[in-house]
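Model the full assembly from the supplied sequences, consistent with the hints where possible.
First residue of the sequence shown: 3, per the numbering used here; consecutive thereafter.
If you are wondering where the hints come from, they were derived from the structure by calculation, not from laboratory data. Just so you know, even glycine gets a beta-carbon here, dropped at the ideal spot from N, CA and C. Hints should not be assumed to be uniformly reliable.
To be verified - Cut-off 16 Å, straight-line C-alpha distance, at most; resulting in silico cross-link-like pairs (EDC-like, lysine to aspartate or glutamate):
1. Lys-203 / Glu-156
2. Lys-203 / Asp-251
3. Lys-203 / Glu-263
Stated by the list, open to error - Derived DEER-like restraints, expressed as beta-carbon distance ranges:
4. Asp-226 / Arg-43: 36 to 42 Å
5. Lys-203 / Ala-55: 38 to 44 Å
6. Arg-268 / Val-112: 32 to 38 Å
7. Met-3 / Ser-210: 32 to 38 Å
8. Gly-66 / Asp-226: 47 to 53 Å
9. Glu-156 / Pro-186: 46 to 52 Å
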Amino acid sequence: MSIVITGAAGAAGRSLIAALRSRDVEVVALSHSDAGEQCLRDTGATVVRADLAHPAQLREPFAGAQAVHVIPPSLHPLEDVLVGNAVRAAVAAGVPRLVYHSVMHPHAPVLRNHLRKANAEAVVRDSGLRWTILQPSMFSQVALLMFGGDADGEVALPFNPESRISMLDLRDLAEVAALVLTEPGHDYATYELAGPLTSLKEMAVDISAVRGKPLTTHQVPVADGPLPSVAAANPMAAADMISTFAHYDQHGYLGNPRVLEMLLGRPATTFAEVAARELG
Numbered sequence: 003m004s005i006v007i008t009g010a011a012g013a014a015g016r017s018l019i020a021a022l023r024s025r026d027v028e029v030v031a032l033s034h035s036d037a038g039e040q041c042l043r044d045t046g047a048t049v050v051r052a053d054l055a056h057p058a059q060l061r062e063p064f065a066g067a068q069a070v071h072v073i074p075p076s077l078h079p080l081e082d083v084l085v086g087n088a089v090r091a092a093v094a095a096g097v098p099r100l101v102y103h104s105v106m107h108p109h110a111p112v113l114r115n116h117l118r119k120a121n122a123e124a125v126v127r128d129s130g131l132r133w134t135i136l137q138p139s140m141f142s143q144v145a146l147l148m149f150g151g152d153a154d155g156e157v158a159l160p161f162n163p164e165s166r167i168s169m170l171d172l173r174d175l176a177e178v179a180a181l182v183l184t185e186p187g188h189d190y191a192t193y194e195l196a197g198p199l200t201s202l203k204e205m206a207v208d209i210s211a212v213r214g215k216p217l218t219t220h221q222v223p224v225a226d227g228p229l230p231s232v233a234a235a236n237p238m239a240a241a242d243m244i245s246t247f248a249h250y251d252q253h254g255y256l257g258n259p260r261v262l263e264m265l266l267g268r269p270a271t272t273f274a275e276v277a278a279r280e281l282g
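Following this line, the structure appears as structure tokens:
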């Protein structure tokens, strides 16, 4: 079995490669940059330089694949266009299945980055391919980065520390994605993959317990909060991230882990468990 992963150099892509390789699946990992190729060097995947913005570059790596897993670039202003390119290339190459990495609650009118994923989902559903759509919630590993690498001292938080957030372990996501890609019975399914609910305040307590030292937090105005690197370098992405923080501040990011746990066949991994594993 050969599976192609676009956007493979990111954290979600590398986790999925590991999950697929543990199942003895041949993986073709696409990256559009030198840095991405470096990240993929020791993953066991066949690394191919290709960019979703250039559909002609997708023809050769897609040829002969049993499935394509599309992970779009984070906060890209043309995500729906890029996903459309991947869908059309998969159809042209005769790929039978496509799995799209979307987001929990794509139909959120105030969040442009979510609406682009909703548009992309429509393209996937109308493709004629056998498709599956995964809708993950916020990643626990992203929250760990928000708290800082050392998780010491005082941390500025960009939204209400008591807002309830569904936090998903990247390893749980990878396990489900590998299952969907390699086992029958998941065609035309849309799976909302929400991790267990927690809050930034509770996460700080979990990190403090692992580190054995207190971690203090304070809330700053949404527009002054720390941004992920991809947003800090791009004003449009920064605007999308700020609107996302504002939405979380008012409404949280609420999901139910029942579907995730049904697919995993076990309880979902909590943020506290991820913190213990990643920081311990």
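Taking the hints in turn, this is what the structure says about them:
1. The straight-line distance between the Cα atoms of Lys-203 and Glu-156 is roughly 13 Å, inside the 16 Å bound, and the hint therefore holds.
2. Between Lys-203 and Asp-251, the direct Cα distance comes to roughly 13 Å. Compliance with the 16 Å bound is thereby established for this hinted pair.
3. Our distance criterion of 16 Å between C-alpha atoms is broken by Lys-203 and Glu-263, whose separation comes to about 25 Å.
4. At roughly 37 Å, the beta carbons of Asp-226 and Arg-43 sit within the given window of 36 to 42 Å.
5. For the hinted restraint 38 to 44 Å between Lys-203 and Ala-55, the CB-CB distance of approximately 40 Å keeps it satisfied.
6. For Arg-268 and Val-112, the hinted distance range of 32 to 38 Å is satisfied, since their beta carbons lie about 35 Å from each other.
7. Judged by the Cβ atoms, the range 32 to 38 Å given for Met-3 and Ser-210 is violated: they are separated by roughly 44 Å.
8. As the Cβ distance of Gly-66 to Asp-226 is approximately 50 Å, the hint placing it in 47 to 53 Å holds.
9. In this structure the supplied range 46 to 52 Å holds for Glu-156 paired with Pro-186, their Cβ-Cβ distance being about 51 Å.
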